[in-house]
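Q: Sequence:
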Amino acid sequence: AESLRLSGGESRCDGRVEISLHGVWSRVLDDDWDIQDAHVVCRQLQCGTAKKAYYLPKSERGVGLVGLRSVQCTGNETQLMLCKTSLYQTVQSGV
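When we follow UniProt numbering, the leftmost residue of the sequence shown carries the number 1, and every step to the right adds one.
In case anyone wonders, no lab produced these hints; they're calculated from the structure. For every residue, glycine included, the Cβ atom is placed at its ideal position computed from N, Cα and C. Don't take each hint at face value.
Said to hold, decoys possible - So the derived label-pair ranges between C-beta atoms look like this: (1) His22 <-> Lys51: 24 to 34 Å; (2) Asp31 <-> Gly75: 23 to 33 Å; (3) Val24 <-> Gln79: 24 to 34 Å; (4) Gly15 <-> Gln79: 13 to 23 Å; (5) Asp34 <-> Gly9: 15 to 25 Å; (6) Ser20 <-> Ser86: 17 to 27 Å; (7) Thr74 <-> Leu45: 12 to 22 Å; (8) Leu56 <-> Ser11: 14 to 24 Å; (9) Thr49 <-> Arg5: 14 to 24 Å; (10) Thr74 <-> Gly48: 12 to 22 Å; (11) Cys47 <-> Trp25: 25 to 35 Å; (12) Cys13 <-> Leu56: 23 to 33 Å.
Build out the structure end to end from the sequences listed, making use of the hints.
A: Encoded structure:
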């Protein structure tokens, strides 16, 4: 089973979305991240309703493992992995 967290924010309900696949934490890479995607993350983490959805410009992403790409949620899902996504792999990439 996957685990989800937000890192680098001011609280556990703020920050960059990360997912643990097979015990390895990696980032979610999605240039079209929107409020529906954020609502699902907040719901899964029991953080209430998302107030804002944003993504870092490519110049600010750094390098790291990517575990999930191209997330497309309707906003009604209970878990991020129930949203439509590209097949995920853990790969080294600039995120």
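Q: Go ahead and decide if the range 14 to 24 Å is satisfied by the Cβ distance of Leu56 to Ser11.
A: Holds: the Cβ-Cβ distance is about 18 Å, inside 14 to 24 Å.
Q: The hint says 24 to 34 Å between His22 and Lys51; measuring C-beta to C-beta, is that right?
A: Cβ of His22 to Cβ of Lys51: about 32 Å, so the range 24 to 34 Å holds.
Q: Mind checking the hinted window 17 to 27 Å against the Cβ distance between Ser20 and Ser86?
A: Taking Cβ atoms as reference, Ser20 and Ser86 lie about 18 Å apart, which means the hint holds.
Q: Taking the CB of Cys47 and the CB of Trp25, does the distance hold inside 25 to 35 Å?
A: This hint is violated: roughly 18 Å between Cβ atoms.
Q: Confirm or reject the claim that Thr74 and Leu45 have a C-beta distance inside 12 to 22 Å.
A: holds, 18 Å
Q: Quick check on a hinted range of 23 to 33 Å for Asp31 and Gly75, using CB atoms only.
A: At 18 Å between Cβs, range violated.
Q: Is the gap between the beta carbons of Cys13 and Leu56 within 23 to 33 Å?
A: violated, 18 Å
Q: Are Asp34 and Gly9 spaced within 15 to 25 Å by their CB atoms?
A: holds, 18 Å
Q: Between Thr49 and Arg5, does the beta-carbon spacing fit 14 to 24 Å?
A: holds, 18 Å
Q: Given a hint of 12 to 22 Å, does the C-beta separation of Thr74 and Gly48 actually sit inside it?
A: Taking Cβ atoms as reference, Thr74 and Gly48 lie about 18 Å apart, which means the hint holds.
Q: CB of Val24 to CB of Gln79, is that within 24 to 34 Å?
A: violated, 18 Å
Q: For the hint 13 to 23 Å, verify it against the beta carbon of Gly15 and that of Gln79.
A: Once the Cβ atoms are compared, 18 Å apart, the range 13 to 23 Å for Gln79 and Gly15 holds.
Checked against the numbered hints given earlier, this structure breaks hints 2, 3, 11, 12; the rest are met.
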